[in-house]
Each structure stands twice: as C-alpha cells, then as structure tokens.
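Visitor: Read top to bottom, the protein sequences are chains A and B. According to our numbering, the residues represented by the first sequence are 1 to 210, in order. According to our numbering, the residues represented by the second sequence are 1 to 278, in order.
For the record, the hints were derived by calculation from the structure and aren't laboratory data. It is possible that some hints are incorrect.
[Claimed, not checked] Some chain A residues judged to face chain B by a derived CB distance under 10 Å, without partners named:
hint: 1; residue: 13
hint: 2; residue: 18
hint: 3; residue: 25
hint: 4; residue: 52
hint: 5; residue: 53
hint: 6; residue: 96
hint: 7; residue: 97
hint: 8; residue: 120
hint: 9; residue: 127
hint: 10; residue: 128
hint: 11; residue: 136
hint: 12; residue: 140
hint: 13; residue: 148
hint: 14; residue: 149
hint: 15; residue: 163
hint: 16; residue: 189
For glycine and all other residues, C-beta sits at the position ideal for the given N, C-alpha and C.
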Amino acid sequence: MTPRTVLVVDYGMGNVASVSNALRRAGSTPVVSADPQMAVHADGFVLPGVGAFGKAIQNLRRSGMAEALTHEVMVRRKPILGICLGMQLLGLTSEEAGHHQGLGWIDARVKALSPSLGFRVPHMGWNDVSAQAHGPLFDAAAGSFYFAHSFVLECDAELVAATFDYGDRHVAAIQRGQVFGTQFHPERSADAGLALIRRFVNQLEAPHAL
Amino acid sequence: MLSERLVATVVVRQGWVVQSFAFERYLPVGHPEVAVEFLAQWNVDEIVLLDISATPDDRGPDFSLVERVARRCFVPLTVGGGVRHLGDVHDLTHAGADKVSVNSAALRTPALLEEGASHYGRQCMVAAIDIRGEGASASSWTCSGRVDTGVHPAVWAQAAERSGAGEVLLTSIPRNGSKRGYDLATLRQVAAAVEVPVIINGGASEPAHFAAGLAAGASAVAAGNYFHFTEHSVLTTRAALLGASRRMRAAAPGYDPVTVDAAGRVGRVADFTFDDRN
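Okay, chain B solo, but in the shape it has when bound (with noise of 0.2 Å):
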C-alpha cells in the first residue's frame, strides 16, 4: 500500500535556512545542511529545498549549496527557486536533486515543463504554486508571492499537469507561518482537477492539521516552520497520523508505543517501579 507523505520544506533565504511567515517576514533558522541532514536523520518522507530569493534576486539556483545538502540527505530530495532552464534541471540532478520544483518559470516559459518532462520524466518535475485567496477566489502567485497572475491554481495546475508536471505543490501564502491549517477548500479543488499527486502546504502546526490535509485529498503532507521548532515533530506527527489510521510508513524507532497530544507532544510514559516485596 503506498503511504501518505510528510514533507519538510527548507525555505532558504539568502544561504540561511528561514522560517517564513506570509513570504513577508523571515526569521533565520541555520546553515541548510544541519537542517537537511537533521530532517533526513528523522526519517521525514520527503524533503523540499525551496531557494526563495533566487527568482526576485534574479539569480539561478545555487548548485553548490544543493550538493552540499545532496550529501546529507537519504530521502528524496525537491530542489526549486530559480529554475529557469533545461540546463538548470540537468544541473540540479547532476547535484544531487530527485526532483526539480518549477513556479515562475512555468509561466515565463511554458516549454519547460514539457522539455523537462521529456528528459527528465513527469516523475522529475514539481509545478509549485503559490496561492492567495481561497476556494472560488483563489489566485496563483508567482515570483517569491510577489506577481499576481489571476489564474486560478486549478485552472494552473490542470495546464502544468497537461504540459509535464508529475506532482502539484500547492502553498497558501496567507497561511504561510499563521499555524492556521491548510487551504482545505482550494487542495479539493485542485485535487480534484488534476490525476498527479498534490503537496499541501503553509499554515500546518498540529498534527490534527497533516490529517486534515490528507482527508481533503492531498497525497502529501508539508511544512517547514514547525519541523524546525517543535521538538521531535517528524516523530510525533508520523506517531499519531498512524494512530489517526492514515497510512504513513512506520519508521520511527524507539517511538512505539507512543502517545501524542493534540499540540503534538510525545506523552507522559506510566511510571513504574521495582517492587521487591514479593
């Protein structure tokens, strides 16, 4: 049976890892690495590098900061922000990337998708979508959440997913760092509208808010800022998705049996004690 994901997204501003709230405020986390490396040693099921100043800096993406990271990491990889060619998808793999993540790109240049679909497989290639609005009003942003483009991010992610993309990552930038939950009304839409995997992603700070995102249709869980700051979060997200039955793959050793509140933290294991009386 194939399970259901949980992501982390390491937003990398500048070389440092962030935290972000809104795509508008920033607070430093730490080198890209340790985080990388921390998250792959929790058994996180995927991991996104999302380089958000690449694109408004009107850079590529930095290939050997994603070597670096590669080296680290043991589990899938994502790479995007400031994918603006073929050459920058080859690159990126030879890097040490499984997947490349593609926003403002898609818009700027259409093909893309499709010649690195063509070469890479569908597999390779991430339609980011970042969005503002929810449900009917929602509309896709591009550029770090700077340029509104009025599409819809079904409509958006239906065209990415006829010219190549094999996977939708879908980020509401209001709820980015608001630890509100998920978009759940625009992840409906925009799972209904595509057969690719959809990431959901932005607002996620419980874990009542992963299964959430799961039930409404998303074959993948994300988030960055709670991984970074809640103790043992990869471990106690996975631990009570499985007892929420959602299927996620079990690896979280010396973690069973675990008890989990609802804020997400491990709970109190009975005390006991030698008892010599007998």
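With the rest of the complex left out, here is chain A (with noise of 0.2 Å):
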C-alpha cells in the first residue's frame, strides 16, 4: 500500500517536527508546508498546536491556507485532526488574550481553564481520558494521555468523542465526520499516542499524489 501523504500544517508557530516524527512512525508521508498549494494533493491534514489562538489564526488566515483547508476538509471531505490549539482553532470563537474567530467548522467556543484549588493552571502533564470506545480514534475507553495547555474547548455533547477530568470534566477530543482534535498531544503520548495516530492515518482515503 503507497503509504498516505499527511500535510502537517505549518502556521509558524506548531510542533511541526514531533507531529512529522509521530506520522512517519504511524507509517504515513508527513510533508510539512505553509504552501496551501499543498493541500489539494495531501490525503489528510494534522493541525498541530503549540501556540496562542490570535496569532495561529492570523497565520492561517494571511497564507491562504485557511480557505485552502476548508475547501479540503469542508467540501472535499478529507480527514483532518487539530492537536490541542489545531483543534481550539477549529471551533468559532476563542477569548485567548482577547476575542477571535476561528475557523468555525465545528460549533464550539474556546473558553480559559481557571485554576482552583489542587488545580494548577496551565493543566501540563498525563491524565485519564474517557473514551467512546470503538470509535475511529479510540481503542480502548480509557488511556493515558499528555496535555499541556490553559485554554479549553466547549461544545455540544454530540461533538465530543472524549473527555477527561480536572476539577471538572472537560472535552478530550472532538469528532464530526471526518474532522477530529484532541486537547492532548497524541504526538508526546508514548505508545497510546501513537495508536492513536495510527487510527488517524487509517482513516485516510487512497493517497492523492504529490
């Protein structure tokens, strides 16, 4: 099987390198590009996410790789799955360090985590995620995941593929169709990450060539 190409979105700011060594390791073609040139011939899409929401955005936006990803995610259908901020981004609105528009392709609003007793903020290291299990993404209903972030997603309960626990419950990871995000680092998440990758790029169709 030609192995599927994988374009990790470069807005400036992502973890580019960790998501490429996960994908090749997961046994995809990651190509890492700010080009949205490279959209139309990449099979799927990663949106990584180490990064604040108005600048990625900004990024995004003044590429052109905004409208070249929706035309490939919304009307061409391709899988894409948004890591911490790369998910964040896929929502409407976020009021990191003021308020922005996101891409707005999933109907959920990005909101900050606030620190409470016993619970430190930003919320860093490996928590238990609740999973449907069996779904696309998981395969078992409960795992071990990194997380490193401040902000966190809220949506509709049919959205949410999973969640996890810190001081309240919050949104692990999303799914509608074929657009996935996680809030943890699936990339920095040892074998249960890469599983999980692995899932991912199984999701993928025939390979477009590059």
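Could you use the hints to bring the two separately framed chains together as a complex?
Guide: Structure follows, in structure tokens:
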C-alpha cells in the first residue's frame, strides 16, 4: 500500500517536527508546509498546536491556508486531526488574550481554564481520558495522554469523543464526520498516542499523488 | 485524574550527556540521542534536555542536536540552554521541542517569556531557576550557576509567572549530584507562590526522595544522574511511587506486580517449583 500523504500545516508556531516524527512512525508520509497549494494534493491534514490562538488564526488566514483547508476538509471531505490549539482553531471563537474568530467548522467555543485549589493552570501532564471505545480514534475506553494547555473547548455533547477530569469534566477529543481533534498531544503520548495517530492515518482514503 | 510526573533531565555539555555534581564536576555518560531514546522507551513521563555549555560559551541552542533527539522521543521534550530571543524559541519548537526552558535570558531579556507566551502559549515557556541556599536564604543564580542575582526563587518564580511562564523548573545547585534528596523547604515556598506547576530537581537518589518532592507540592519530580546509572530506575521509581499511593501514570509493562526496596531495587520474585508428586 502506498503511504498516505499527510500535510502537517505549518503556520509558524506548531511543534511540526514532533508531529511529523509520530506520523512517520505511524506509517504515513508527512509533509510540512505553509503553502496552501500543497493542501490540494494531501490525503489528510494535521493541524498541530503549540501556540497562541490569535497569532495562529492570523497566520492561517494570511497565508491562504485557512481557505485552502476549508475547501479540502469541508467540501472535499478529507480527514483532519487538530491537536491542542489545532483542535481549538476548528471552533467558532476563543477568548485567549482577547476575542478571536476560529475556522468555525464546529460549533464550539474556547474558554480559559481557571485555577482552583489543587488544580494548577496550565493543565500540564498525563491525564486519564475516557472515550467511547471502538470509535475511529480510540481503541480502548480509557488511556493516559499528555496535556499542556490553559484553555479548553466547550461544545455540544454530540461532538465530544472523549473527556478528561480536571476539577470539572472537559473535552479531551471531538469528532464531526472526518474532522477530529484532541486537546492532548498524541505525538507526545508514547504508545497510546502513537496508536491513536495510526488510527487516524488508517482513516485516510487512497493516496493522492503529491 | 492528572498524574504526577516523573521527569528525566538530560544534561548536555559540549555535545555529551554528563552526570553533573554541583554544577562543578562532570562525568561523561554518552550520546544524547541514545540517552533520550532509552529514557523514552522506559516510558519516563517527560524529558528535559539542558545544554549547560551554551550560555557560558556565549552561543545559542544546538538545533541539529534537538532535531536528532526529538526523532527518538515520543514523550514531551523540554529544551533549555542558550535560549536568547524569540527566534530561538521558534527554531527549537520547529526542531522538535514541545517546551522551551529559559534561565539566564529571562534576566537579560525580561520580555522573552512574555513574547514566547504570546506566540507559543504559556504552556510552552518554562522558567528554569537554579538556586543556592535554602528556604529563607535561597537565591537564584544564572549562567549555569555562575552569577548570583540575589533574588529569592519564590519572588523570581512569581515574576516569571506574571511574564508568561507556564511552569517552573527549580534546581538546587549544591544538591545536584549529592544524593541527599530535594530542597523541600524552598520547593514549598515556590509552589505556594505560584499557580503554575513546579518541577523539583537536584538530589534525588532513591524512590522516597521523589515521593517527598510530590508530597511537598511539586507537580513533577526530576532526576538526571539517578536515571542514567541505576538499572531499571524509571520503572522501579514509578512502581515505588504507585506503591506509595502517588498518582502516577501506570506504564510499567512486565513490572506488575513488583516490589521495590528502599534503595529502588526490584524485589526478588518468590521461587516456585513444578511439583509432579500429586
């Protein structure tokens, strides 16, 4: 089988190397690029996330990548995995350092995690994730994944694929059709994370020539 | 439930991983790629790669080293040493770092933490604070332990948090390599002063030291020397902490159930014989 080509969207801020390393380990061919032209040829996308919301969405719009991705994902129905900030960018709005409009593909809003007794912010480290087992991304109902974030996504229960507990129940993963997102970092979650990335890669259709 | 983290620090000096003793004497260990690959496969929760010769040699981070190391690392990777400006943060995250640790530069360029947090989010920025003295008399040192700032680490940590640090890595210089356990007095002061997680480092040499660090308010407990030269140390420490009812990620395939003695050695499994007499 020809390896699937995954475009790792480079908007100047993500941990693109970590994500590419994990995608390669999962048997796909990652291509890191900021060029919207590359989106046409990719079999699927990963929107990585180490960054601040405002700058990220600004960079995505300026480069034309936001528009290209919207076409490839929402019209041509190619799979995408948003990681951490990359998942948050799929929503409508964010209150991270101001008020920002996201890509708006899913009905979701990004809110700040507020510190409380025993719950430091950022939420940093390995936390248990409860998932609907045997969904496309999760092969088990529970697993431990690595989180590093100060903001959380809020959305309707029907979009929620997995949750985690940190003072409250929060969204750990979402799914709407072939649009996937994780608040945690599968590329940094050892074997459990690599298994999830492999399951995402398996979602990709027959390869397009790049 | 959020787990408490077991962190391995990999100290690199002129391209080699070293064991460090009080930031003064060093014992070479080997190649960074090999150390990181082993630690990641042993399922440590996080790796901190510190290039301690960068700032004293007046150079920036070794990006190609980070690239090579990141390729072998599937747990979170924090990189520090020689970070001078926002461009370094960008290049480090591009090379494979998930978080960037800043020490001397936070003093020289106070805006760095703020700029880093506004571009990469505060979860990406780690304030590394090296200290001498303990409790009320503790002071923060920069430039790999060469320059005394006279600022108490709790005060520094608060300032760093305000600027945009998402985490504090607190290292006791005199305890580094001493095997005496962590500086718990200063840890308590720093953990109480900030909302962000605190990683304690320096001095751990047996499972009880790690448990004491967590009990004193650390979100993560780190060690360097101990993990390099104590066989099975990541697995046995994790098992010992689970045994001490700490909230650890269960990730010790083949070591369950396991007993660990006070020195961190795996206990002997009871002998059994096949008995065909009945």
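Visitor: Each hint: holds or not?
Guide: Okay, the hints, checked on the actual structure:
For residue 13 of chain A, the interface hint holds, the least distance from its beta-carbon to any beta-carbon of chain B being 6 Å, beneath 10 Å. A hinted interface residue such as residue 18 of chain A counts as satisfied when its beta carbon comes closer than 10 Å to some beta carbon of chain B; here the least separation is about 5 Å, so the hint holds. Hint on residue 25 of chain A holds. Least Cβ distance to chain B is approximately 7 Å, under the 10 Å limit. Interface hint status for residue 52 of chain A: upheld, as the beta-carbon distance to the closest one in chain B is roughly 5 Å, under 10 Å.
Of the supplied interface hints, the one on residue 53 of chain A holds, with its beta-carbon coming within about 8 Å of a beta-carbon of chain B, less than 10 Å. Contact between residue 96 of chain A and chain B, as hinted, is supported at the beta carbon level, the nearest pair being about 8 Å apart and thus within 10 Å. With its C-beta approaching chain B no nearer than about 7 Å, residue 97 of chain A sits inside the 10 Å limit, and its interface hint holds. Below 10 Å, beta-carbon pairs count as interface contacts, and residue 120 of chain A has one with chain B at about 5 Å; its hint therefore holds.
For residue 127 of chain A, the shortest C-beta to C-beta distance to chain B is roughly 5 Å, which falls under 10 Å, so the interface hint holds. Proximity of residue 128 of chain A to chain B holds as hinted, the smallest CB-CB distance being about 6 Å (cut-off 10 Å). Against a cut-off of 10 Å between C-beta atoms, the interface hint on residue 136 of chain A is violated, since the closest Cβ of chain B lies about 21 Å away. Proximity of residue 140 of chain A to chain B is violated relative to the hint, the smallest CB-CB distance being about 13 Å (cut-off 10 Å).
Taking 10 Å as the C-beta cut-off, the interface hint given for residue 148 of chain A holds, the closest approach to chain B being about 4 Å. Annotation: residue 149 of chain A was flagged as interfacial toward chain B, and the flag holds, the nearest CB pair being 6 Å apart, inside 10 Å. Interface hint at residue 163 of chain A: violated, since its Cβ lies 13 Å from the closest Cβ of chain B, which is beyond the 10 Å cut-off. Interface restraint check: residue 189 of chain A against chain B, minimum CB-CB distance 8 Å, threshold 10 Å, status holds.
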